[in-house]
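> Using the sequences and the hints, build the whole thing.
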Amino acid sequence: MKLTIVGCTGSFPGPGSPASCYLLTAHDGERTWKIVMDLGSGALGAIQRYTDLEDIDAIFLTHLHPDHCMDLCGLHVAVRWKPGGWGRDRIPVWGPAATADRMATAYGLELDPGMHEEFDFTNWTERQSVTVGPYTVTPFAVNHPVEEAYALRVEVTEPSDNGVPVTRVLTYSGDTDSCAGLEEAAKDADLFLCEAAFEEGRDDDIKDVHLTGKRAGEAAAAAGARRLLLTHIPVWTSQTKVMAEAKPVFNGDVAVAVAGVHYTV
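Residue numbers (the working numbering): -17 to 247.
Just so you know, not all the hints are guaranteed correct.
[Claimed, not checked] Label-pair ranges, simulated between beta-carbon atoms:
id, residue 1, residue 2, range
1, Ala60, Gly242, 20 to 26 Å
2, Arg208, His98, 37 to 43 Å
3, Ala237, Asp170, 15 to 21 Å
4, Gly206, Val59, 41 to 47 Å
5, Lys169, Gly145, 23 to 29 Å
6, Arg109, Val217, 31 to 37 Å
7, Asn105, Pro147, 40 to 46 Å
8, Lys229, Pro95, 46 to 52 Å
9, Tyr32, Gly11, 47 to 53 Å
[Said to hold, decoys possible] Taking lysine-lysine and the BS3-like style, the derived pairs with C-alpha atoms no more than 25 Å apart in a straight line are:
id, residue 1, residue 2
10, Lys169, Lys189
11, Lys229, Lys169
12, Lys229, Lys189
13, Lys189, Lys223
Hints listed in this document are in silico derivations from the structure and should not be mistaken for laboratory results.
All residues carry an ideal CB built from backbone N, CA and C; glycine is no exception.
Right, dumping it as structure tokens:
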């Protein structure tokens, strides 16, 4: 499985990166499958560097803050108005219960049909897994001030050179502060893609919103994750500081996500 960091700046796009968007690529032995986790502000342009939009097999939204979902509006335009037609069925979109109505309202559409002609919307049910190609995706409720916010546990089974299928696990935190659901989602993950928007000593009075590097490291350690990749770092938060906070509490590999970089899981 390959992870491409399309966008990783927290809360709004930065000068070097769109907001949250992550492309996963895996092969089931017959063809390549591509899924997208979040499609935040500014991500739609950048993702076209790495894939044709028509090759996206599904989109998974962690929550409905604009920095995680708003470029679905632009994708709606691409699907609806492409000269000659889209050429594929509706794009499956999993998200919170309000996703379809929120996107229609954001674009100024009537709720019926809204964007239902372009997207096949399905609401998350906590801890109920969904399968797309080789991916099994399970949402875990996490600690963020919206009606629904989820971390996503993505399990992928792919063929190997020796003929024995190999399963890998990537967990994406979405936006969250410390909570049991986050640790359960990341249990024994091969790669834990985890937000670290806050800094210790600066944001201590803000509870139940975001993690610091230290709290992200503690969650990774508690979950037994193998690698920690810090993401969703706003322009006013130091990447160096959050990584330095994480390293003393997590013994595995720690790095900061960089837009345009590919990681093998």
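> Which of the stated hints cannot be reconciled with the structure, identified by number in ascending sequence?
7, 9
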